[in-house]
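Asks: Top to bottom, those sequences are chains A and B. First residue of the first sequence? That's 198 in my numbering, and the numbers climb one at a time after it. First residue of the second sequence? That's 198 in my numbering, and the numbers climb one at a time after it.
In case anyone wonders, no lab produced these hints; they're calculated from the structure. Accuracy of the hints is not assured; some may be wrong.
Since the list gives no way to pick out one identical chain from another, each pair is judged satisfied if it fits inside one copy or across any two copies.
Within a straight-line C-alpha distance of at most 30 Å, the following computed DSBU-like cross-link-like pairs (lysine-lysine) qualify [what the hints assert, rightly or not]:
id: 1; residue 1: K219; residue 2: K439
id: 2; residue 1: K325; residue 2: K467
id: 3; residue 1: K325; residue 2: K368
id: 4; residue 1: K443; residue 2: K202
id: 5; residue 1: K202; residue 2: K377
id: 6; residue 1: K478; residue 2: K377
id: 7; residue 1: K404; residue 2: K443
id: 8; residue 1: K404; residue 2: K202
id: 9; residue 1: K478; residue 2: K325
id: 10; residue 1: K404; residue 2: K325
There are 2 protein chains.
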Amino acid sequence: MATLKVPHPVPSAVEDAETLRKAFQGWGTDEKTVIGVLAHRDAAQRLQIRLAYEELYQENLIKRLESEIHGDFEKAMYRWIFDPIERQAILANIAARDGDYRVVVELSCVNSTSELLAVKQAYHARYKHSLEEDVASQTTGDIRKLLVALVGTYRYDGAEINPRLAESEAKILHEAIAEKAYNHEEIIRILSTRSKAQLNATFNRYKDDFGISITKDLTSESSDDFVAALRVAIRCISSPQKYFEKLLRGAIDNGNEDVITRVLVTRAEKDLAEIKDIYEKRTNASLDEAIRKKTSGDYEKFLLALLGN
Amino acid sequence: MATLKVPHPVPSAVEDAETLRKAFQGWGTDEKTVIGVLAHRDAAQRLQIRLAYEELYQENLIKRLESEIHGDFEKAMYRWIFDPIERQAILANIAARDGDYRVVVELSCVNSTSELLAVKQAYHARYKHSLEEDVASQTTGDIRKLLVALVGTYRYDGAEINPRLAESEAKILHEAIAEKAYNHEEIIRILSTRSKAQLNATFNRYKDDFGISITKDLTSESSDDFVAALRVAIRCISSPQKYFEKLLRGAIDNGNEDVITRVLVTRAEKDLAEIKDIYEKRTNASLDEAIRKKTSGDYEKFLLALLGN
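Work the whole structure out from these sequences, hints included.
Replies: Shown next as structure tokens:
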């Protein structure tokens, strides 16, 4: 469930554009109003506001925001204002450039087949080449094989599973992990081609047959990026909310604003309520309070608004 | 240009369905009429005929055809009657099962990005799993890496090229080939991720800088399947008509009906006129004549009809 709160009735896109324009004018920017409007509109509404603003004032709203607001708040708003598909294309581009395997794995494994395809289409339109090219040319070795395979696949999205295949592929995975042959091409093949339903059946079978979850089996010793990327892929496929909760918890502990922003912005319209719930059960503390402690100013207000405050 | 000839005006789908029904009734099948109708309708018209037939007679036209006609003619008709996307999904499934790398490479490299995607979607709908899975689980080693990468990619489809990239990647390809490191992961990366326009710039640059075409450079000695698959990929990307002409010429020389059928059926609505033209220039002989010599009966009549006779 989303945490995003949209007022009822919601102002028209033209009214919102006018409100924003007023907030930009005069001495300084009225950030409270900017947050009040944009942090409480869904993706379709934000797009309409961008279009209305451009139409009314012959000015790009995103460019104007860049000159009006600053720092972590600007960065978070620049992520938020796009619709989820365009935003992910932008995040993917930055991640591919920086060799940030985690974001690439996330978007490959959390999105549905049609969402991932839409991200790749948006990537083509925006950057005039493919995400696969950027991922492939910025990485090397085993991690490249894994990332290119995960990004490139067009998984079957149905619910049908084959229990015998789950059994045999759980065994293949277990053997590769037991031999510490993490880069075994069978691991990449299975993770990158099977449907999510099939993979979850395989992971369950792994736990039943070998008495340990595949992610725990992988965690043990290695601090290798490749093994870490494997774990991210498995966790994003088997339980994205738990994955994001743990990621967010670590980012709050370490004060990593980039990751805090990414999780809140990308999940606020999706499943941030579940993520918050898991966080609060696990830590016995309020997520809102934790964000309040670690952030400040308009950035803090914006994140709290996305959390439904 | 297509060789397919559709009469003007064309009968309605209901009229065609009635004509076919009559051809099936009584003693034996009137194959001439079956060919007269189905070999002279485009993909959209064939689909309408299938729907009209099912509606009128509560019977599946394809199943009925299977019981009415036989041998190579039946096989060719069974390929032809589907629309190109569904047909390719079926061909891909058979090829993946049989480990026929050539068909998998063809469909990955000849289709546009959106056509390949449509084939993969049709594959999901028809087989309830992905083409990537079947290709990956039926192959091993280097050829698996190449095939899965080619099938899995979602290439950028635009015309923009980067000349410096073409130069540097021509050099990478040349070095890998000179070292006979055919399975070098850079070759797979470049062939499977770059846009076709970019790849053609790279192949041209290869010829200019190294005085030999990349396919010739690859041909020399190896009879390895992997190298053969690389050549097919490069030729399908750089010049599909020349590729299909050579394939067809070989199949005519060796009497390989499967391949003759595949080329004629899959290209009749696309570019069979160019393929025929290349064939006739190269052999100084008529393609129709060559087909006449190598085939017989209704199969022969059907192929000649697809060739525009």
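Asks: 30 Å Cα cut-off: does K404 pair with K443 within a copy, between copies, both or neither?
Replies: Answer is within: at 21 Å inside a copy they meet the 30 Å cutoff, but 53 Å across does not.
Asks: Is it within a copy, between copies, both, or neither that the alpha carbon of K404 lies no farther than 30 Å from that of K325?
Replies: between (43 Å within a copy, 26 Å between copies)
Asks: Please sort K202 with K377 into within, between, both or neither, judging by C-alpha distance up to 30 Å.
Replies: neither (47 Å within a copy, 61 Å between copies)
Asks: Within a copy, between copies, both or neither: where do K478 and K325 come within 30 Å Cα-Cα?
Replies: Answer is neither; intra-copy 45 Å and inter-copy 38 Å both fail.
Asks: Regarding K325 and K467, is the shortest C-alpha distance of 30 Å or less found within a copy, between copies, in both, or in neither?
Replies: Intra 29 Å, inter 27 Å, cutoff 30 Å: intra and inter.
Asks: Is the C-alpha distance from K404 to K202 at most 30 Å within one copy, between copies, in both cases, or in neither?
Replies: Neither: 39 Å inside a chain and 60 Å across chains, both beyond 30 Å.
Asks: How would you label the pair K478, K377 (within, between, both, or neither) given a Cα cut-off of 30 Å?
Replies: neither (34 Å within a copy, 58 Å between copies)
Asks: My question is about K219 and K439: at a cut-off of 30 Å on alpha-carbon distance, are they close within one copy, between copies, both, or neither?
Replies: neither (41 Å within a copy, 63 Å between copies)
Asks: With identical chains, the pair K325 and K368 could be close in the same copy or across copies; at 30 Å between alpha carbons, which is it: within, between, both, or neither?
Replies: between (42 Å within a copy, 23 Å between copies)
Asks: Please work out whether the CA atoms of K443 and K202 approach to 30 Å or closer within one copy, between two copies, in both situations, or in neither?
Replies: within (24 Å within a copy, 63 Å between copies)
The structure is inconsistent with the numbered hints 1, 5, 6, 8, 9, although it conforms to all the rest.
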